[in-house]
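There are 2 protein chains.
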Amino acid sequence: MSRYKLIIEYDGGGLVGWQRQANGLSVQEALENAVARFCGQNTAVHGAGRTDAGVHALAQAAHLDLIRPVTPEVLRSAVNHYLRPAAISVLSVEIAPDSFDARLSATGRVYLYRMLNRRAPPALERGRVWQVVRPLNIEAMRDGARYLIGHHDFSTFRDSLCQAKSPIKTLEALEVRRVGEEVHIEARARSFLHHQVRNMAGTLKLVGLGRWRPEDVARALAARDRRAGGPTAPAEGLYLVEIRYPARIEE
Amino acid sequence: MSRYKLIIEYDGGGLVGWQRQANGLSVQEALENAVARFCGQNTAVHGAGRTDAGVHALAQAAHLDLIRPVTPEVLRSAVNHYLRPAAISVLSVEIAPDSFDARLSATGRVYLYRMLNRRAPPALERGRVWQVVRPLNIEAMRDGARYLIGHHDFSTFRDSLCQAKSPIKTLEALEVRRVGEEVHIEARARSFLHHQVRNMAGTLKLVGLGRWRPEDVARALAARDRRAGGPTAPAEGLYLVEIRYPARIEE
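As you go down the protein sequences, you meet chains C and H in turn.
So the first sequence is numbered by the numbering used here: it starts at 1 and just counts up by one.
So the second sequence is numbered by the numbering used here: it starts at 1 and just counts up by one.
None of these hints come from the bench; they were simulated from the model.
This one's a predicted model, so the numbers in the text were calculated from it and none came from an experiment.
Do not take every clue at face value.
[To be verified] Some, not all, of what chain C presents toward chain H, calculated at C-beta under 10 Å: (1) I8; (2) S77; (3) A78; (4) Y82; (5) L83; (6) R84; (7) A86; (8) R118; (9) L124.
We treat Cβ as the ideally placed atom computed from N, Cα and C, and that holds for glycine.
If we strip away everything but chain C, and leave its shape as in the complex, we get (with noise of 0.2 Å):
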């Protein structure tokens, strides 16, 4: 037996998310699908996060196991072939120790949400940034997104359905910045809560509209109940970038 990490894009669109659901083709079936169809083998792919459904990936991490053992290359481009059309990618294969579980040996993730900042509609983007039509004053945004940053009770932008044991987190980073037309929130953390991004987004973009002054933002973390946050941004702006592993695993 070996155990293979995978690296995997999707457009989230179209898509139930990462996790198998009843109601429609997620990433994890796809997979699963495809691997099946090129070896006969049903075996479980496991995901580094589970993205909803309509969140896109650059760079989502799983692992899975294959009986009879086969090149990484090979792997990849078979499961290429076999999870035509959907529009999910696998970027690289490679063999991984016994060891590796792309979800509880991750150490940090990287996501990415995008806001198209302009009047006009998106035709190219459409589905894969959230369009704001009022302009977004960044540097507000910064300011609040300073009292995120760090070791804190996260209840205020967790979603009710959130299954972590504990709503305390610690945010590494919460970036804003422009670029051309539209405002980019990267937020990395060793693991985040559910819909904690898109919460925080959604927050951020009522500063950068001045409906909240940048001081609300640490109010609201301070109330510790998702009422006092805002609104849960669309999940089409927020992207999966990065699931990063200690060195020693990439060995």
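We have chain C; now place chain H onto it with these hints.
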């Protein structure tokens, strides 16, 4: 009567190109229908360039006349409203002098060709790039591109359906650069022959793969024969980036 200049973004996938066709929705038809639904007037929308089916635009230019003038912002937002759900968006509208003609007044056109140079198929950029699996040699492509810059008979890169009176054009620039996993070719000229950019891109790809030497591009150009050129690169990688006008038109 008032003349308006429009800047338009569109996703060419699912559209039959700029010009009205019997076999599907064109950008021109979508815009003319949207104007008619907004103000009841049947007016022609004249584009600066006739992009082919599948070709995208970041900033196509066009003009139209309205019998009963409205403010540019009202026209922009009303047309965008009635364009839904087509993947076409009017980015800006301004009042133009009666002498302005989107096609005839243009002094320059900028196109971008995007190749995704990696083994894994595109998931997020599907339909937006041409995937080239084997590694492209950028330096060789640059060397080949240099032979095409300047005033030449471009018959080798001209589609048989091209309606231009002369195959002689001045190619102002043809830049090749690597952007992450992509190779971008940017072409600038006053005007182009039909399929010229896609035929140049398909030829430079052969150079990038090492199947042609850079100097073979010079030989192909000198042959003044379409059969001497490389294949036509697919429409989905091509973007109309900008239409340039003299400064006075913008006033």
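Against the structure, the hints:
no.: 1; hint: I8; verdict: holds, 8 Å
no.: 2; hint: S77; verdict: holds, 7 Å
no.: 3; hint: A78; verdict: violated, 12 Å
no.: 4; hint: Y82; verdict: violated, 12 Å
no.: 5; hint: L83; verdict: holds, 8 Å
no.: 6; hint: R84; verdict: holds, 8 Å
no.: 7; hint: A86; verdict: holds, 8 Å
no.: 8; hint: R118; verdict: holds, 8 Å
no.: 9; hint: L124; verdict: holds, 5 Å
Violation of the numbered hints given earlier is confined to hints 3, 4; the remaining hints are satisfied by the structure.
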